[in-house]
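Protein sequence lines, in the order shown, are assigned to chains A and B.
Here the first sequence stands for residues 1 to 562, numbered as in the working numbering.
Here the second sequence stands for residues 1 to 196, numbered as in the working numbering.
Treat the hints loosely; a few may be bogus.
Computed cross-link-like contacts, DSS-like style, restricted to lysine-lysine with a CA-CA straight-line distance of at most 27 angstroms [claimed, not checked]:
#1 K63/A with K102/B
#2 K175/B with K216/A
#3 K189/A with K82/B
#4 K94/A with K82/B
Listed next, the stretches of chain A that the computed footprint assigns to chain B, with coverage defined by at least 3 CB atoms under 8 angstroms from CB atoms of chain B [stated by the list, open to error]:
#5 7–13
#6 51–65
#7 239–247
#8 386–397
The hints are simulated quantities; they were obtained by calculation from the structure and are not laboratory data.
All C-beta atoms, glycine included, are put in the ideal place defined by N, C-alpha and C.
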Amino acid sequence: MTTQTTQFDAIVIGSGVTGGWAAKELTEKGLKVLMLDRGRMVEHVQDYVGEHKKPWEVPYRNKPLRDLYADEYEVQSKQYAFDETTRHFYNNDKKNPYANPNGFTWFRAGVVGGKSLLWGRQVYRWSDLDFEANKKDGHGVDWPIRYNDIEPWYSYVEKFVGVSGQAEGLPQLPDSVFQKPMNMNVVEKHVKGKMAETFDDRMMTIGRVAVQTEPKNGRGECHYCGPCHRGCSAGAYFSTQSSTLPAARATGNLTLVSDAVVEGIDYDPATKRASGVRVIDANSLQKTRYTSKLVFVCASTIGSTQILMNSKSEAFPTGLANRSDSLGRYLMDHTYATGAMGFFMGFEDKIDFGNRPNGIYIPRFQNVNGQEKEYLRGYNYQGGAMRPGLMGQAMNTPGFGADFKHSLRTPGPWMMYLGGFGECLPNKDNRMVLLENKKDRFGIPQIKFDFTWGKNEDMIREDIMKEGEAILTAAGAVGVRSFNSTGLAGESIHEMGTARMGRDPNTSVLNGWNQAHDVPNLFVTDGAAMASASCVNPSLTFMALTARAVDYAVKQLQQGYI
Amino acid sequence: MNRREILKLSAMVLGTGVSASLSQALMAGVKPGTLPNVSLSAEQSKNIAMLAEMFIPTTDTPGAIAAGVPEFIETILTEWYKDDEREIFFAGLASLERDAQKKEGVSYYQASEDLRVALLTEQEHIASEYKAPAGFSLFGSKDDPNAPFFKKLKELVVTGYYTSEIGCKQEQIYKPMPGRYDGDLNYADFGRRFVS
């Protein structure tokens, strides 16, 4: 172990959406920052090797490399964006395993930028319907913040992120600072209109997405090529590489070290501070210890908590800042891949053009004005209308020859699907633990997940199917059918919790500023901090909380409290 | 729209369920251990090219051969397929070849169009009895190693053609940089799919 003698003001662990934001904010406030990421370096533009690859240039025309995927990407290859144009961004599951892939689906990146390169980019504000939920029904601890606390920080990050969407004035889904919305297609407009005629309680809006529709922030606008996750040289979608990393680098205050696996964080009982970050070089396995005044843990929900749990000391024998025994617990995700679909006839003369990296959104409408349903909390739908892809149509078109070929020039009828995202209640027994007797190649104990969907989530899934069918049927769809996945948690990639915020140090890890109750210079600002899951996509809230936490931390530092 | 049509549409988007295997039927006549060498014979190559072109012939746009589909199929056969998939594919090819030899005394690719169409149609009929294992996918079918010869061939021809430069640029309207999203265009103004 060598000790890096450079004195940093702050260390940021992780470089995804929250690590990037922490680095940007800290460096812009004049702090000397070390950002660590366990993945290899990916530079904007030059390392997007899959971007704009022509279909005939992709190996085996993008048929999956089955043996390789089964051997080295057992988990990641199940992710919708994983293929030969993106594989280089993902974690190698063989090199970096966890104990029970059959117990939880942990999608993770393997590069600097993290999942910010691969995310679905849907961004929505939470509301007090979400921040008050735990207090109202008693599941989980009360959030130490309310919408008013975070509202200015939503605006702050949205301007920089570049969010396209339509203002709707809904209390349960507050509007963001929007760039112009993307277009709905003819069938989506039809369904939106029919919903307005039929329902008083629900509506449809275009998805709110961190993809610019206006050239701003030194980045381009979307050119609708489609697969954002291959990387975007125009910088139209928000990623660390396109947005926060250039901003942080521009200050001259950033040191970025890739291939830096954080083994643990040291704690000094005399000062009651995090006193150093122990790093293992992923290639040489050489160990280095870095020190700083502040430590921001932004290594993703699971990754951050793994680091804290592996940071044991006499003062914190079960993991850093874990006086409450809530570290690792209250793991949440959204219910995923449950919904409904149907066909819309009469639009065969219409076709769409361009690959819109976005869909439609039906905001939560259940239990919005009080407890109305048998289950607690609620769900939203995300989906879209489209004409089916060529392969499915071809395989279901009989025959061969000129007629077969020419028939495929006309796409099949329009279909629409609505996929529900249901809120998951915080549950003490849904957790991750570290297996001390099962270590990875760095000697770090592997994670084992214990997660079971609860009865409330089951009831939400049932209602997602029922109301999804009702919406499509009311809009005139035929062949309406619902689908249900009771699949593994983690699949929505909205994992949250395990180092939750709260008002009481005896029941939570972090206070209302994402600051560890017991370790004042330690902040955790990614999904691990979440005290409930809402049904709303969480990344925007992670970003706003991060910017807010940095502002607080730096003021505390300047005032001598940290 | 009647129920049958709706089911068909659903299948188009979702794929269908229920399991049963027909590979045994297709394997009739192929003895265990007689798996052809992974390199293809000249006759097999010519039969594959003929079959690809029969699926997607040259019409007002180039066909499968011009688009390089036979080469793609051979690459998949030799490099990507596993032994059990190769067995099914080569058994299907062998069956066509054997029947052509029997009826007209020539290789399949040399046989009369009527015979070639009849034999391939027979393969389609056999394949239509095969039900893929249950598996739900909103966005199309996954590779099914047990799928019968006709389905394998069709999947490879369609994949190979519509991802080829000719298939993208001449059969479809290739727009790698659309620049906008318009969800309300008249199909009649284009008459083709857009691809990027």
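Going through the earlier hints one by one, which of them does the structure break, listed in rising order? 1, 3, 5, 7
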